[in-house]
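Peer 1: Spelled out from the first residue to the last, the chains are:
2 protein chains.
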Amino acid sequence: MTGLAAQHAASPAADRDPGSGHVEFRVVRASYRHWQLSCDGPVATLAMDVAEHGGLREGYELKLNSYDLGVDIELYDVVQRLRFEHPEVRTVVLTSAKEKMFCAGANIRMLASSTHSWKVNFCKFTNETRNGIEDATAHSGQSYLAALNGTASGGGYELALACEHIILVDDRSSAVSLPELPLLGVLPGTGGLTRLVDKRRVRRDLADYFSTKAEGLAGEKAVAWNLVDEAVARPKWDQTVAERAGELAAGSNRPIGATGVALSPLDKHRTEDAVSYRHVHARLDRGAGTVEITVTAPPEPAGTDIAAAHGQGADFWTLAMTRELDDLILDLRTNELELGTWIFKTAGSSANVLSHDQLLLDNADDWLANEIRHYLKRTLKRLDVTSRSLLALIEPGSCFAGALLELALAADRSYQLRGVFEDVDADAAPAAITPGPMNFGALPMGNGLSRLQTRFLDDDDAMVAVRAESGQPLEAEAAAALGLVTFVPDDIDWHDEVRIAVEQRASFSPDALSGMEANYRFAGPETLETKIFGRLTAWQNWIFYRPNASGPDGALSKFGTGQRAAFDRKRV
Amino acid sequence: MTGLAAQHAASPAADRDPGSGHVEFRVVRASYRHWQLSCDGPVATLAMDVAEHGGLREGYELKLNSYDLGVDIELYDVVQRLRFEHPEVRTVVLTSAKEKMFCAGANIRMLASSTHSWKVNFCKFTNETRNGIEDATAHSGQSYLAALNGTASGGGYELALACEHIILVDDRSSAVSLPELPLLGVLPGTGGLTRLVDKRRVRRDLADYFSTKAEGLAGEKAVAWNLVDEAVARPKWDQTVAERAGELAAGSNRPIGATGVALSPLDKHRTEDAVSYRHVHARLDRGAGTVEITVTAPPEPAGTDIAAAHGQGADFWTLAMTRELDDLILDLRTNELELGTWIFKTAGSSANVLSHDQLLLDNADDWLANEIRHYLKRTLKRLDVTSRSLLALIEPGSCFAGALLELALAADRSYQLRGVFEDVDADAAPAAITPGPMNFGALPMGNGLSRLQTRFLDDDDAMVAVRAESGQPLEAEAAAALGLVTFVPDDIDWHDEVRIAVEQRASFSPDALSGMEANYRFAGPETLETKIFGRLTAWQNWIFYRPNASGPDGALSKFGTGQRAAFDRKRV
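Sequence order for the protein chains is A and B.
So the first sequence is numbered by this note's numbering: it starts at 76 and just counts up by one.
So the second sequence is numbered by this note's numbering: it starts at 76 and just counts up by one.
Derived from the structure by calculation, the hints contain no laboratory data.
These figures come from a predicted structure and were not determined experimentally.
Where is the CB? At the ideal position from N, CA and C, for every residue including glycine.
Each hint should be verified, as a subset may be incorrect.
Lysine-lysine pairs mimicking BS3-like chemistry, simulated, CA-CA at most 30 Å apart [stated by the list, open to error]:
#1 B:K274 - A:K274
#2 B:K645 - A:K343
#3 A:K645 - B:K343
#4 B:K645 - A:K633
Here are some, though not all, of the chain B residues that point toward chain A, as calculated from beta-carbon distances under 7 Å [unchecked claim]:
#5 R276
#6 E347
#7 L359
#8 T561
#9 R574
#10 G609
#11 W617
Make a model of the complete structure from these sequences and hints.
Peer 2: Structure (structure tokens):
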């Protein structure tokens with residue numbers, strides 16, 4: 076029986092929608108319910124040990140290391156902490172604390188009883204966390220080794236696919252499998268299909284067979300098809316895992332003798348109409364369907380000594396601001412579905428933002444500077460795949476410079492005031508944006524290009540022109556001439572033009588907006604990552620919504636009931 | 076008023092589903108109802124003149140050059156004929172015979188009253204035809220010039236986007252627009268979103284604005300944003316169009332003084348359970364949900380003189396077979412939705428297939444040889460994007476060689492018999508496949524790679540090994556060792572193994588199969604074309620299925636009623 080199939084012994088279907096209620100993404104390590112982390116010098120062991128009765132919602136039991144959003148929130152937290160709090164860790168051995176079961180994938184009762192939007196949002200976050208595992212391997216010298224000491228089924232195997240090396244125990248029962256299609260009528264949508272053929276280069280016809288064989292493959296055959304890297308018998312298991320962990324660690328550029336930075340609890344204040352942190356403030360307007368998000372610049376410049384940043388730790392502005400923005404994005408995406416337009420503003424000193432950028436870039440070899448930059452990169456990527464319309468309003472007193480200019484570049488449209496608001500402060504400095512070194516490749520999107528490159532694609536002249544203005548504040552007309560902002564209304568037109576844009580956005584079909592934005596935001600090359608969020612996710616969303624999966628007679632609904640799903644057999 | 080908006084004066088919604096009834100894709104030029112073609116030396120003018128009451132189905136009127144599948148079937152036919160029957164034509168001026176209206180896009184009543192599968196299939200065919208226009212420009216020296224003598228709205232503008240050069244009349248009323256999102260709650264899904272940002276490099280924020288502005292843009296602004304190449308006032312219209320047509324023609328490599336090949340009516344015989352042509356035969360098994368498609372080899376070798384192929388014209392095997400296969404794919408895709416698995420077989424002489432390939436490749440500079448190869452390429456691409464499971468069965472007497480080997484390489488899985496069927500003919504030559512020169516780049520997929528390259532991606536050794544066997548018949552074990560086939564059962568296992576594969580396929584969710592195949596078939600690089608069929612189409616399908624578009628209160632349903640759509644405002 077596959078791990079996934081074995082889930083059907085779970086409790087009766089939920090009465091309550093897992094999508095209801097507020098979800099909090101902040102966790103502290105002491106409160107983990109589903110993961111055990113132990114560090115031994117350069118090797119950390121992260122063991123999945125899901126608490127059956129620890130579901131985020133009622134109505135399902137997380138048997139056999141199946142997971143729900145709550146399990147994945149903890150996984151995201153530990154992946155982050157390993158990068159910041161454990162500079163000594165070079166290999167993370169991802170394994171299971173259960174007997175003969177690595178992970179049975181996403182909990183099916185949970186999926187079957189979830190709203191469409193919950194399923195989609197859950198998969199997006201899950202995908203981002205798996206991408207983060209690959210990001211740690213690629214950019215942080217912290218490699219993940221999947222030590223599958225039992226069956227890895229569905230999302231469990233997809234989790235392994237995000238690791239650099241996969242070892243499967245060879246015990247005549249443990250297998251890897253993607254049973255979603257044959258058993259549930261959905262796709263292995265958390266990167267599974269894409270990673271098989273595009274990352275591990277499994278031949279498409281073999282991948283086809285594997286993905287229709289619910290029980291999966293094991294042992295040498297799984298190795299021969301490159302589904303796993305090694306199949307190792309129990310007697311040699313511990314030794315082999317230790318050897319591979321050591322080999323991965325030996326190739327790492329993690330620092331020697333460094334002290335980690337504690338990710339202290341985020342100071343967050345949430346009310347019905349506001350979410351506030353130290354540097355990020357969000358105002359929720361349920362009538363208008365908008366969130367106005369203001370990011371404030373650091374009050375002081377960063378100085379030139381990276382040691383000071385180490386001293387500040389989680390208080391270092393770029394890190395603190397990024398953590399707040401990250402939490403806010405996750406909170407709003409999950410909890411505020413009807414707030415369809417996010418309006419970004421900034422406030423404070425552009426010079427201070429740029430000096431923080433400069434410190435990070437000048438110390439690119441410093442492990443903490445590297446971690447902070449990549450975390451900001453990942454957080455901006457989260458914005459790119461967020462199904463909300465993003466607007467940026469560039470007004471006097473704002474600081475869309477360097478790292479914060481990325482918010483305007485990530486936006487679907489930006490509006491920069493031509494000059495000042497005469498009534499507010501006629502003597503203010505006119506609204507300006509400032510490109511900086513951080514905008515020219517340090518924060519790539521999922522397509523591998525910077526947001527500026529994606530904006531201009533093969534228009535090299537445009538890139539050269541912007542680069543020539545690096546560090547220069549650009550008022551509206553100059554910014555528009557360089558193609559950096561969308562519209563530059565003056566004081567007289569500003570309020571009407573912005574109001575109409577926001578009202579229009581609220582009047583359009585939310586689905587069509589999600590689809591349009593998902594297409595326009597990713598011009599240019601496609602990568603593993605953009606394929607996962609584009610092709611794979613879009614198909615999965617369609618399948619999730621179809622009665623063949625989610626209808627009363629669909630495969631998700633019928634799973635575990637002993638009844639067969641009834642399919643509309645038309646091919647679309 | 077946009078062209079699309081003006082459609083709302085159309086007749087009441089259809090009672091009858093446009094998806095019902097049999098659709099025939101064969102047309103003859105004399106029967107065109109919607110297009111006027113006139114040829115004047117190197118310049119052809121193709122004028123859209125849609126017959127209002129000429130809809131393929133009842134229940135809607137094709138006002139304002141709006142189109143349905145019937146209009147597009149004729150367009151596809153004329154695009155094909157221009158390539159084969161008019162070697163002298165170097166520029167095709169695509170324009171309208173109506174006053175002030177180039178084309179109002181897909182007919183909305185038709186869309187609103189169509190089943191989901193009809194909408195999806197209609198969009199797929201429409202996309203393929205637009206890709207074919209670009210293919211003519213890129214590979215045939217036959218460039219399309221969009222002469223927008225009136226408004227091009229929605230699908231009308233998307234048609235223009237497939238052309239090499241777009242001229243818009245500058246008359247204070249004619250505009251280009253993509254009003255799908257604001258008016259209909261769906262995407263410009265016939266390549267519109269993708270071509271704007273990835274082909275014409277329209278900046279994403281400008282594209283965002285344009286795609287939410289129902290009335291579109293006109294004149295110099297449309298030029299400045301690169302939505303069109305030129306805006307030309309009426310007095311200079313004829314002269315400018317003629318000049319541009321001449322310039323495009325001057326750059327063409329179409330032949331001088333060549334005689335076209337008439338695409339004579341296809342000889343097709345269709346019954347309830349079979350579709351037969353001369354070289355292609357399909358057996359429909361409604362119980363099993365399968366179609367068994369057998370392609371037969373040419374009875375004679377091709378010889379070495381391309382003049383003979385010109386003499387045979389539409390009877391030349393590769394062209395005749397390709398036309399038949401093309402028609403069959405379209406017929407089955409549109410008319411046989413529940414036959415979810417297509418099983419490909421071949422019969423006849425591999426040597427004869429390969430000699431036809433060789434003649435075409437040896438005469439790559441010959442315009443007809445070039446046309447035939449590219450037509451075969453396009454037809455195989457149609458197979459790649461077909462939402463049916465594709466299996467290939469390689470048995471004794473088959474001829475999966477060169478061009479026909481592509482059928483096995485396009486399949487999701489292939490089964491090659493190890494040896495012979497002892498009971499049938501113990502002395503037969505064992506089942507073999509034969510790679511040939513046609514398999515190494517002459518027939519690229521939409522991702523720009525050959526099917527072999529896509530199969531092996533960066534495994535260069537595998538490609539070298541296959542290339543070394545070019546021209547050699549490969550029995551099952553050799554083919555499997557080279558990674559060219561999926562499974563190689565022997566006589567004893569064959570029937571059970573194939574039967575189980577087919578039965579399994581029929582038992583799975585058709586939606587999940589479509590999604591899986593759409594992911595696995597396109598490993599490797601993404602292009603404009605794969606983005607259209609992957610990202611854009613998958614999103615559009617999801618949107619089409621959502622109540623915000625297609626529900627009783629959705630935007631498609633409410634369009635033209637005077638009532639606003641009621642949207643579920645949750646962003647997903």
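Peer 1: A separate judgement is required for each hint: does it hold in the structure or not?
Peer 2: Hints, one by one, checked against the model:
The suggested pairing of K274 (chain B) with K274 (chain A) holds, with an alpha-carbon distance near 27 Å, which does not exceed 30 Å. Restraint check for K645 (chain B) and K343 (chain A): the C-alpha separation of about 25 Å stays at or below 30 Å, so the hint holds. With a CA separation close to 25 Å, the supplied pair K645 (chain A) and K343 (chain B) stays within the 30 Å bound. About 27 Å separates the Cα atoms of K645 (chain B) and K633 (chain A), which keeps this hinted pair within 30 Å; it holds.
The interface hint given for R276 (chain B) holds, since its Cβ lies 5 Å from the closest Cβ of chain A, which is under the 7 Å cut-off. Checking E347 (chain B) against chain A: minimum C-beta separation of about 18 Å lies over 7 Å; hint violated. Interface hint at L359 (chain B): violated, since its Cβ lies 14 Å from the closest Cβ of chain A, which is beyond the 7 Å cut-off. At its closest, the beta carbon of T561 (chain B) sits 4 Å from a beta carbon of chain A; the interface hint therefore holds under the 7 Å criterion.
Taken as an interface hint, R574 (chain B) does not check out: its beta carbon lies about 15 Å from the nearest beta carbon of chain A, beyond 7 Å. Taking 7 Å as the C-beta contact cut-off toward chain A, the hint placing G609 (chain B) at the interface holds, the least distance being around 4 Å. For W617 (chain B), the interface hint holds, since its Cβ comes within 7 Å of a Cβ in chain A; the closest pair sits about 4 Å apart.
The structure fails hints 6, 7, 9 (numbered hints given earlier, in ascending order).
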